[in-house]
Amino acid sequence: MTAPAEARDFRAALIAEISAPIVAFLVEQGVSEPPALGAPTVEGPDLAMPCHRFAKALRKAPQQIALAIGEIAAAHPLVAKAEAANGFLNLSFSWPAVAARVVAFAEADPAALGHSDLLAGQKVVIEYSSPNTNKPQHLGHCRNNLLGQTIANLLARAGASVTRLNLVNDRGIHICKSMLAYQRAGGGQTPETAGLKGDHLVGKFYVEFDRQFSAEYKAAFPNGDGPEKDAWFNGDSPLGQQTRALLRAWEAGDPEVVALWRLMNGWCEQGFAQTYARMGVGFDRIERESEIYQLGKKIVEDGLNDGVFYKLPDGAVAFDQTKIGLEGKKVVLRGDGTSLYITQDLGTAAMRHDKDQFDRAIYVVGNEQDHYFKVLFGVLGELRPALRGRLTHRSYGMVELPDGRMKSREGTVVDADDLMSDLHALVAETSAERWAGLEGAEASRRAEAIGLAGLKFFLLKFNPERTFIFDKHNSIAIEGETGPYCQYAHARATSLLAKAGAPTAAPDWAALDNAPGRGLMTALMSFPGAVQRGALQLDPSHLTGALYDVAKAFSSFYNSADGRVIGAEAGALAARVGLVRATRKVLAEGLGLLGITALDEM
RNA sequence: GCGUGGUUAGCUCAGCUGGAUAGAGCGUUGGCCUCCGAAGCCAAAGGCCGCAGGUUCGAAUCCUGCACCGCGCACCA
1 MTAPAEARDF
11 RAALIAEISA
21 PIVAFLVEQG
31 VSEPPALGAP
41 TVEGPDLAMP
51 CHRFAKALRK
61 APQQIALAIG
71 EIAAAHPLVA
81 KAEAANGFLN
91 LSFSWPAVAA
101 RVVAFAEADP
111 AALGHSDLLA
121 GQKVVIEYSS
131 PNTNKPQHLG
141 HCRNNLLGQT
151 IANLLARAGA
161 SVTRLNLVND
171 RGIHICKSML
181 AYQRAGGGQT
191 PETAGLKGDH
201 LVGKFYVEFD
211 RQFSAEYKAA
221 FPNGDGPEKD
231 AWFNGDSPLG
241 QQTRALLRAW
251 EAGDPEVVAL
261 WRLMNGWCEQ
271 GFAQTYARMG
281 VGFDRIERES
291 EIYQLGKKIV
301 EDGLNDGVFY
311 KLPDGAVAFD
321 QTKIGLEGKK
331 VVLRGDGTSL
341 YITQDLGTAA
351 MRHDKDQFDR
361 AIYVVGNEQD
371 HYFKVLFGVL
381 GELRPALRGR
391 LTHRSYGMVE
401 LPDGRMKSRE
411 GTVVDADDLM
421 SDLHALVAET
431 SAERWAGLEG
441 AEASRRAEAI
451 GLAGLKFFLL
461 KFNPERTFIF
471 DKHNSIAIEG
481 ETGPYCQYAH
491 ARATSLLAKA
501 GAPTAAPDWA
511 ALDNAPGRGL
521 MTALMSFPGA
531 VQRGALQLDP
541 SHLTGALYDV
551 AKAFSSFYNS
561 ADGRVIGAEA
571 GALAARVGLV
581 RATRKVLAEG
591 LGLLGITALD
601 EM
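Under the working numbering, think of the first position of the first sequence as 1, with each following residue one higher.
Certain hints may be false.
[To be verified] Here are the simulated SDA-like cross-link-like pairs (lysine to any residue), alpha carbons at most 25 Å apart as the crow flies:
1) LYS552 with PRO96
2) LYS60 with PRO96
3) LYS81 with GLU71
4) LYS298 with ALA277
5) LYS472 with ARG390
6) LYS472 with LYS297
7) LYS298 with GLY335
8) LYS552 with MET602
9) LYS123 with ASP320
10) LYS472 with ALA432
11) LYS585 with THR597
12) LYS81 with GLY140
13) LYS297 with LYS229
14) LYS81 with GLN122
15) LYS329 with SER339
16) LYS123 with ALA259
17) LYS311 with TYR276
18) LYS355 with LYS311
19) LYS585 with VAL414
20) LYS329 with GLY404
21) LYS499 with LYS461
22) LYS297 with MET351
23) LYS461 with GLY519
24) LYS60 with GLU83
25) LYS81 with ALA104
26) LYS197 with TYR276
27) LYS472 with GLY519
28) LYS329 with ASP370
29) LYS472 with ALA441
30) LYS229 with ASP254
31) LYS330 with ASN169
32) LYS298 with GLY282
33) LYS355 with GLU83
[Said to hold, decoys possible] Okay, the calculated beta carbon distance ranges per label pair:
34) GLU400 with GLU216: 55 to 61 Å
35) ASN474 with ARG59: 52 to 58 Å
36) GLN122 with ASN474: 33 to 39 Å
37) GLY38 with ALA277: 57 to 63 Å
38) LYS123 with ARG405: 36 to 42 Å
39) ALA252 with GLU400: 28 to 34 Å
40) ALA74 with ALA120: 35 to 41 Å
Everything labelled a hint here was simulated from the structure, so no lab data went into it.
Just so it is clear, CB atoms sit at the ideal spot from N, CA and C, and this is done for glycine as well.
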C-alpha cells in the first residue's frame, strides 16, 4: 500500500493515516494488499471498511474481524468512535480534531485547491478546437473548446507541463467552396461593409455555395434521377469542377487565388479570435494546416522505404491494417500524390513529437472519429514505436437540443456567438429588477459572467463520452446544479466574511461539529481528489461535481443555525470564519479551473 | 455484418473501479424571511439500475447472450 503524500490529497492522506495500523495488522495476519478505509454507503459513519473479504485468510467471521480492527482504529486521535456492524467496520471522525486540520489545510496548503505532483515532469500536448475556416463555430465547438481548455487546466494542476494546440483547418476543398461563392456573388463585401463578424461573413458564402450547388443539381436532374450529390460534385458538376480548379490553383500558388484565400481566412480567424476571447479559451500555439499539410508526404515516403507501407497499382500508398489487429487497408497517400487527412495527421504528429518532445499527446475530437483515431495511432505506432502508448483520443459525444439534433440543413445549428449573447441577454432580463440600481457597465459585466458560467458548467458537467441535451434556460438557472449556483455560493461567502470581520479569539473547533459543518468539511476534503481524478481521466465533470457539492454544502451551512457566524460566541465565530474562508477559497479556485468568473456580488 | 459508446426516478444525469436501505438536480407537493443577501434553505412522494443467465459471502458495477438508441467501419474531413 502506498500512502499518498499530504501534498496530494488531504482526504486520502487522512484515510491513509488512520488506515495504516489497521492495514499493518491485517498484513501481519496474512491478508495480502488490504485496501484502505473508504466512504461508507450508509448514514452515520465517516469511514468504513467491509471485512468479509478477510474472513477466509483470518479464518474468523467478518464481524469478529471488524471488532478486532475497530479496537486498533479507536486508538487514533482523529477517530471518535469505532463500531462493527454486519461485518463492516464503521468509524466516526473526532470532528473537532479533523476540523482544525481541514481548515488549516484549506487555508494554507495549495493541495487543498487540487495542486498535486501526480503528473510532475510530464510533457503533454493537447490539441483542441481545430476549426475549419469556412464557417463560424457552433455549440458543438463550444463543448470541444471548453473540454480542451479545462482538461489542460486540470493537467497543469496535476503538475504536467502542458502545451495547448489549435490546428486550424484552413485549406482544402471546403475552403474553396466559400471562396468560389464569394467570387461569384461576393460583390466585394467585407466584414465592415456587411456589418458581420468575419467568420460569419465567410460562413454566409459557404451556405451560398451549397444553395447554388443544390440549384445546379436540381436543374441538371429535374426528375431526381441523378447520381449521389457527392459523385456529381466530384464528377461533371460545373461548380464542382470550378471548386477543384480553385484548389489546384491554390496549391500551385496562383497569386490571385492565394490573395483571396488570405483575405477570407484572415476574416475567419479574426472572427474566431473574438469568439475564443469571449469564451476564455486560449492556446499556446496555433498550427495552420496550410503551413504543414505537406509534412506527411515525407513520413509516408520514409514509411514506404521502411516497409511499413506498400504501393497500390495506381501509385497510391497504403497501410495493411492487419498489422494492428484491424481488417483491410488504409490508404495514406492518394494515387495522384496528393495528401489525405491522415497524411497530414501522420506528419503533424511526427513534427510535434520532434518539436515538443512530449510524453503524451491528447486529441480532443468528437466520437464520430473514434475509429479513425484507432487507425491513426496504430499507424503512428508502426512508423514510430516511441509513440506507442503516448497518444490519447479524448473522445466526446455530441450536443443535442431539446427538440432534437442540430442540423445545418434545417437551420437548427446554434451559433456560438449568438448563444453567448443570448445567455447574456437572458440573465440580464431575469436580473433586471435586482440590478435596477446598478451602473449599466457593472450589470453587463455580471450578466456576461453569469451567462458564461451557465454555459461552461453545463457543457462540462456531463461525462465527456455522453451525448446530452443542452437546455439554455436550465443552464443559467441559479437553482440546481449550475455554474450560477456555484457563483452565488461564492458571492454569499464573500459578503458573509466582509460582515463578520476578523476573529478575536482562538477557534473553538467543536462549533463545527454538527451536521452542516461536517457536511461542508467533507465536501472540502473531497475536492482535491476530484481534481486529480479529473486530470487522470481527462474528465472535467469530476470537478463540476465536487464544486457543486461544496456550494451545496455551504448553502446548507450558512442557512442553518449551526452555521451562524455573526453574533456567535467568539471561539465559534473564529472557527466558522475559518471554515467559510476556506470554502470561499476552494469555490473561487474551482470556478477558476472551469474558466468561470468568481463574482463577489450578484 | 463488424467495431464502439449508451440504456439508472416523470425529465436531465451521478454512481470514485464489487459492499450494508441505489444518489443528485429539475419538475410535483408541503414548510422557512422581526434570522450574516429567499437568485437561498428544509421536508415528502417518486426506481424489478433495458432483458435473461453466470461468477461472488455480496453485482447498477465483472463475464456471456439478447433487445433497442447513437456513432463509425472512404484514395471525405
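Results for each hint:
1. LYS552 with PRO96: holds (22 Å)
2. LYS60 with PRO96: Violated - the C-alpha atoms of PRO96 and LYS60 are around 35 Å apart, more than 25 Å.
3. LYS81 with GLU71: Given that 25 Å is the threshold and the Cα spacing comes to 10 Å, the pair holds.
4. LYS298 with ALA277: Violated, at roughly 36 Å.
5. LYS472 with ARG390: violated (37 Å)
6. LYS472 with LYS297: violated (45 Å)
7. LYS298 with GLY335: Cα-Cα ~15 Å, so holds.
8. LYS552 with MET602: holds (17 Å)
9. LYS123 with ASP320: violated (31 Å)
10. LYS472 with ALA432: holds (18 Å)
11. LYS585 with THR597: holds (13 Å)
12. LYS81 with GLY140: Status violated; Cα separation ~51 Å.
13. LYS297 with LYS229: Given that 25 Å is the threshold and the Cα spacing comes to 30 Å, the pair is violated.
14. LYS81 with GLN122: violated (42 Å)
15. LYS329 with SER339: holds (16 Å)
16. LYS123 with ALA259: Violated - the C-alpha atoms of ALA259 and LYS123 are around 38 Å apart, more than 25 Å.
17. LYS311 with TYR276: violated (43 Å)
18. LYS355 with LYS311: Status violated; Cα separation ~29 Å.
19. LYS585 with VAL414: Roughly 35 Å between the alpha carbons, so the hint for LYS585 and VAL414 is violated.
20. LYS329 with GLY404: Violated: LYS329 and GLY404 sit about 36 Å apart, past 25 Å.
21. LYS499 with LYS461: violated (33 Å)
22. LYS297 with MET351: holds (12 Å)
23. LYS461 with GLY519: holds (22 Å)
24. LYS60 with GLU83: OK: LYS60 and GLU83 at ~17 Å, within 25 Å.
25. LYS81 with ALA104: The hint holds at about 23 Å.
26. LYS197 with TYR276: holds (13 Å)
27. LYS472 with GLY519: Roughly 31 Å separates the two Cα atoms, so the pair is violated.
28. LYS329 with ASP370: holds (17 Å)
29. LYS472 with ALA441: Distance of about 24 Å is within 25 Å: holds.
30. LYS229 with ASP254: violated (29 Å)
31. LYS330 with ASN169: This hinted pair holds, its Cα atoms lying about 22 Å apart.
32. LYS298 with GLY282: violated (31 Å)
33. LYS355 with GLU83: violated (58 Å)
34. GLU400 with GLU216: 55 to 61 Å: violated (32 Å)
35. ASN474 with ARG59: 52 to 58 Å: holds (56 Å)
36. GLN122 with ASN474: 33 to 39 Å: holds (37 Å)
37. GLY38 with ALA277: 57 to 63 Å: 44 Å Cβ-Cβ, so the 57 to 63 Å window is violated.
38. LYS123 with ARG405: 36 to 42 Å: Given a distance of about 38 Å, which is inside 36 to 42 Å, the answer is holds.
39. ALA252 with GLU400: 28 to 34 Å: violated (43 Å)
40. ALA74 with ALA120: 35 to 41 Å: holds (37 Å)
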